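Q: What follows is the residue order along each chain.
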Amino acid sequence: MRERLEEAKKWAARQPYRLWWVQLRAVVRLEAKRNVLAWRSLWIYFLGFIPVVIIGLHTIVDPAKASGMGEDTMVLAGIFQLYYIRLGIFFGCLGIFSRLIRGEMVERSLHYYLLAPVRREILLLGKFIAGCITALMIFESAVFLSFTLIYAHYGAAGQAFVMDGPGLGQLEAYMGITALACLGYGSIFMLLSMLFKNPTPAAMIFMGWEFINPILPSLLQKISIASYLRHLMPVSMPMHGVLALLTVVTEPVRPWAATMGVLVLTAVVVGISCYRMRKLEIRYTTE
Amino acid sequence: MNDRIIFDDVSKFYGEVLGVNRVSLSLPPGITSLVGPNGSGKTTLMNLLTGLVQPTRGSISVLGMTTMDATEFFRAVGYCTQFDSFPKGVTGWDFVFDGLTLHGIGYEEATQLTKESLERVNLGEAAMRKVAGYSKGMRQKIRLAQAIAHRPRVLVLDEPLNGLDPMARAESLALFEELGRQGMHVLISSHILEEVDRISDRIVLMTGGYVVAEGNIHEVRQEVHEKPMQVLVRCDKPEMLASKMFAMNHCVEAKLHKDGGGVFVRTRDLDEFYRLLNEIAAEGEVKIDVVAPADDDANAIYQYLIGSDGGLS
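Residue numbers (this note's numbering), protein chains in the order written: chain A, 1 to 287; chain B, 1001 to 1313.
If you're looking for bench data, these hints aren't it; they were derived computationally from the structure.
These numbers come from a predicted model, not from an experiment.
From the three backbone atoms N, C-alpha and C, an ideal C-beta is built for every residue, glycine too.
Wrong hints could be hidden among the right ones.
[Stated by the list, open to error] Here chain A is said to cover these stretches of chain B; the calculated rule only asks that three of the stretch's residues, wherever they fall, bring their Cβ under 8 Å from a Cβ of chain A:
hint : segment
1    : 1041-1052
2    : 1064-1074
3    : 1080-1086
4    : 1233-1247
[Claimed, not checked] From the derived model, a few chain B residues whose C-beta atoms are all more than 12 Å from chain A:
hint : residue
5    : Asn1002
6    : Ser1026
7    : Leu1027
8    : Gly1089
9    : Gly1106
10   : Ala1126
11   : Gly1137
12   : Val1212
13   : Asn1216
14   : Asp1271
15   : Glu1285
[To be verified] Straight-line alpha carbon distances no greater than 30 Å define the calculated DSBU-like cross-link-like pairs of lysine-lysine that follow:
hint : chain 1 : residue 1 : chain 2 : residue 2
16   : B       : Lys1244   : A       : Lys33
17   : B       : Lys1130   : A       : Lys197
18   : A       : Lys279    : B       : Lys1088
19   : A       : Lys197    : B       : Lys1244
20   : A       : Lys33     : B       : Lys1287
21   : B       : Lys1130   : A       : Lys33
22   : B       : Lys1287   : B       : Lys1244
Produce the entire structure from the sequences given, and follow the hints as far as they go.
A: Here it is, written out as structure tokens:
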């Protein structure tokens, strides 16, 4: 046992960490350049910013009343929980992360990366980080703008709500949840894109899984992104009918445990993706 | 240190479809040509060599390294594939430069190496244009530039002459020859047999996923014992020489050259043929100017072993 430990230590000491770091940055830079400002990302920007446009129109059309701030807080919570988490970020991440590996296989350009002197795990991590940067840039700024527009509408009252009331805490929670959602969904869609030629049907099944998750046994609930995020929501929404399923909290989980839950799930899924990447073969003719 | 490319009993099956079967090769430095018809397994062999596909059985090592250690392996190996596709929106310069940054090479050195490789393939002026606007020949060249930019010790080229005009072909072949002379491994697959024949140190003939012959052109030809060999004899009395030769048992065909200044003789016994030719020359009846093997090239061997004409495709 001790010998193995010594061997492992020697192996670890021999690894070119500096080179890996340089290569990781190079992959992230290349991928971010290709994805962030690409025309093909336009629909993802649309997904992210359409609520911003709607809220913007709302602030122009509806005159602000202090009594309406509570209602708008609920509206924002609804937009965030029902639109951003369930649809916008979900499909946005499907578009961004499934393109990283599968998209390059379809375009027959992945082999250029695989022929570079880069460990495939580093390549995959670089691509994942670049995908996260793209998703975070779009959805964090969209959520931030949505929040700002809603409360800027109320002038001094809105400012007081944000600075002296619970507003800032809510904004922090929304931003944090958005980041966790991008990481979690991103890792899952990247893996699905490596497992299936067309990851969309699998993503739809995963969406169904996320939807029925609250009624599943406690152990199965842990294999879900939405179940962890639900525990972090800063505003509880009263829902009726089938939509009530989306906000059911079956057993209380502390925020740090929910955060760790998403991060651990993400790490496990990225780990599995690394293994798949190691075994990946280039057979463009079958794509 | 091992300086060879070694395939040890390598097989690759795509489900039930055979890619290559039981390939064992040990290739020294120099230019090696992989020759065979479409679907013979040339690209599969190259993809196996570079780890783009994994062998179902057997093992491959390149200069003692395997693709498991990608960092060391791909510093030594450059692969110009025949996939005619590129990352979207990329310029020629970016394509080569970005590849070098993945090696961990700094900005200045990467800039220098990019310039150098683009000049070697004569693409310096078009470097800043988007690859999507390149002609097929230019795309071929930019892939070649990327494969050689990091100065690999092993260069793998899958159909590198496809799409090139005659001038570019000649330039590319000269470049491959130069790299081969420098002690590099250059592994080329091509259907243009006349050209690879000229520059190859050895050929590997493949058909149906099997290696059917391997060695230098002459050695491979020697392996084909059962096939008559054709020799061109240039002389002043070709008709007389043809009649003398045709009287021998081992001569199966004698055909006059179209310019009337020689005769093609097809023989089953080359040693006996040369002995007889010496006798005829000593008699002085026929003045012999030139004797040359007429089918000791890849094309003829290709015809014998594979049954295809091996012409341009």
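Q: For each hint, tell me whether it holds in the structure or not.
A: Hints, one by one, checked against the model:
no.: 1; hint: 1041-1052; verdict: holds (count 4)
no.: 2; hint: 1064-1074; verdict: holds (count 5)
no.: 3; hint: 1080-1086; verdict: holds (count 4)
no.: 4; hint: 1233-1247; verdict: violated (count 0)
no.: 5; hint: Asn1002; verdict: holds (19 Å)
no.: 6; hint: Ser1026; verdict: holds (23 Å)
no.: 7; hint: Leu1027; verdict: holds (19 Å)
no.: 8; hint: Gly1089; verdict: violated (7 Å)
no.: 9; hint: Gly1106; verdict: violated (9 Å)
no.: 10; hint: Ala1126; verdict: holds (19 Å)
no.: 11; hint: Gly1137; verdict: holds (19 Å)
no.: 12; hint: Val1212; verdict: holds (24 Å)
no.: 13; hint: Asn1216; verdict: holds (29 Å)
no.: 14; hint: Asp1271; verdict: holds (48 Å)
no.: 15; hint: Glu1285; verdict: holds (62 Å)
no.: 16; hint: Lys1244(B) / Lys33(A); verdict: violated (76 Å)
no.: 17; hint: Lys1130(B) / Lys197(A); verdict: holds (29 Å)
no.: 18; hint: Lys279(A) / Lys1088(B); verdict: holds (25 Å)
no.: 19; hint: Lys197(A) / Lys1244(B); verdict: violated (69 Å)
no.: 20; hint: Lys33(A) / Lys1287(B); verdict: violated (74 Å)
no.: 21; hint: Lys1130(B) / Lys33(A); verdict: holds (15 Å)
no.: 22; hint: Lys1287(B) / Lys1244(B); verdict: holds (14 Å)
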